[in-house]
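Protein chains: 2
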Amino acid sequence: MRWQLLIPRERAATTSWLALLLAMLLLAGCATTQVGDPLPSWNEGPTKAAIVKLIEDTTRPGSPDFVPPAERIATFDNDGTLWSEHPMYVEVVFTLDRIKALAGQNPSWRTEMPFKAVIDNDQAALAKLGEEDFFKLIAATHTGVTSTEFQKAAADWLAVARHPRFDRLYTELVYQPMLEVLAYFRANGYKSFIVSGGTLNFMRSFAEKAYGIPPEQVIGTSFDAKFTFENGVALVKAEPRLMLLDDGPGKGVGIDHFIGRIPIASFGNSDGDLAMLQTATNSPGSKARKRLAAIVWHTDAAREYAYDRNTHVGRLSQGLDLAPKLGWTLIDMKNDWKVVFPFEKSEK
Amino acid sequence: MRWQLLIPRERAATTSWLALLLAMLLLAGCATTQVGDPLPSWNEGPTKAAIVKLIEDTTRPGSPDFVPPAERIATFDNDGTLWSEHPMYVEVVFTLDRIKALAGQNPSWRTEMPFKAVIDNDQAALAKLGEEDFFKLIAATHTGVTSTEFQKAAADWLAVARHPRFDRLYTELVYQPMLEVLAYFRANGYKSFIVSGGTLNFMRSFAEKAYGIPPEQVIGTSFDAKFTFENGVALVKAEPRLMLLDDGPGKGVGIDHFIGRIPIASFGNSDGDLAMLQTATNSPGSKARKRLAAIVWHTDAAREYAYDRNTHVGRLSQGLDLAPKLGWTLIDMKNDWKVVFPFEKSEK
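So the sequence lines, in the order shown, correspond to chains Z and V.
Just so we're aligned, residue 1 is where the first sequence starts under the working numbering, counting upward by one.
Just so we're aligned, residue 1 is where the second sequence starts under the working numbering, counting upward by one.
Don't read these hints as lab results, they were simulated from the structure.
Please read all numbers here as calculations on a predicted model, not as lab measurements.
There may be inaccurate statements among the hints.
The list makes no distinction among identical chains, and a pair is therefore deemed to hold if it is satisfied within one copy or across any two copies.
To be verified - Computed cross-link-like contacts, DSS-like style, restricted to lysine-lysine with a CA-CA straight-line distance of at most 27 Å: (1) K152 x K116; (2) K334 x K345; (3) K290 x K226; (4) K48 x K345; (5) K128 x K116; (6) K237 x K325; (7) K152 x K290; (8) K226 x K136; (9) K237 x K152; (10) K334 x K48; (11) K334 x K136; (12) K226 x K48; (13) K237 x K209; (14) K116 x K100.
Could you put the whole structure together from the sequences, leaning on the hints where they help?
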């Protein structure tokens, strides 16, 4: 922005109302102040207080826990932390739908496992699929294409696919209180990264619009890829080999590779996030003293879902045991959140 | 920053001098305007004009080539583009020195190739080393340690090692005109990434201080790594397997993975940068019409080095042939740059 163009230089010194107007304009454009409650969808209590205190202690000049802006990094898991992951991870639902959509172009799939099980909706066969089968489904739907092509397929699907219980687009099932946390961190000079087990390109297809997180701040499971330059066109196409499995311990590796700094705050919801939370709170070599690790605990069967130790989707067991020992914050959805989804606000 | 704290609310409406002062303060803190010549170390001519025109056309509101701030991405190779790479890549010199420094802890190296050749300074044996030998040297010096440990070793070395010809620290041999380009892009809302064949952690050990580029905007060759959490400490240690070879075609892959957007401008200097430059100027799927790809052409034997087709270090041959065909800008060091290194300015 070229603010200088807005000042008629010869008049600025004498035209005080203009200076005042300008000051107000600049405040609106530049300041990162928060007016009123930055977390209106959070009930008052120790959880909300812990988040507010982290921001205040790390951004107040002169605070012993002050963190220079360049080091203000926060990381967020996606599934179950920023949006709903039950009854099934959204990217898994997408993958199964995509197999069906691509079946016409791949006639051999009609007789070939694991594709046949998906196309036939054969629940018994689907239940028996192993890790290798699942990788075949992922590779068939996620590789051999450019990031742009894949993201278009994902975005087209997200524009129409609906959640089986809520009958809403999946992007409507983001958590309103977490959107407020993202905005609050951003307003206080934090750079937020998604660190998810989902793939890089699936998340990049909606993260900027849904969360305001740009593609270069998305870390996810990724595939090796091949660069070609043919007929004057540069293309990068994914290959069916994993480059980074950004889940569990891989989240620690992903943070080291993509960010290269220890996050000041980290939000997860399952045991797949332990490495990320441990990285935030228990790494050597970072100067900042104050940290926050928080776990979104799904305790609200009425408004969303209630699950922790007894689920295969977003299981939280070790995390519940570790949280009190390591001083992590448990976000109790039922008691800490006034609303879960953005659409509840307009319905009130 | 909490500007609101600076305004005594009850007085602001009437105290015009305060408003004016505030406006000036805010301009100083927030505006991205450039006062005077943004590229003072560049001679006037088509090269400088091309860079200035790119910035003006992509940032002027209403311009047909306007690029929204979020999409303003520029990529820069490091060796030979931001600092000197002759007579030998700095990281190679570091690696050989590091082998010698670690020899005491690894007595078997005294009789084991390729380590023996390095420790003995055996030029004939060194000249015969192949790619596999070199990878052994890299793995022995770059893996088995955390990023923090490695970066400390690199920073300690960079604090004392001197260039054989200039007798300067390597970090003094950054190119002053390119520092100005980095600052000019930054001041105009561009986010700049290093995209280098050098390793992630070697560059992260100096990039923030030398170039103002934070760790999360450094892309480099990287190793797979292992996360552990033992005795309450989270550690990520590099393993001797490449995750990304960020050179040649790998630079296209690195941009796709780490950035996920097509750069608007890209600066390189050797055939190892072709994929990066092709990505910038010839990718499908980007809406921005205007692009800049530029090659730092080492034409100045007096002030730095003169080399292109006939060198093994930073060879530029295909790039010289492609540049006119693809409309790439050649930066002629000898004729385009008033000074090469920052220290020349103070000597003038």
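Legend entry - Hint numbers contradicted by this structure: Failing hints, ascending: 11, 12.
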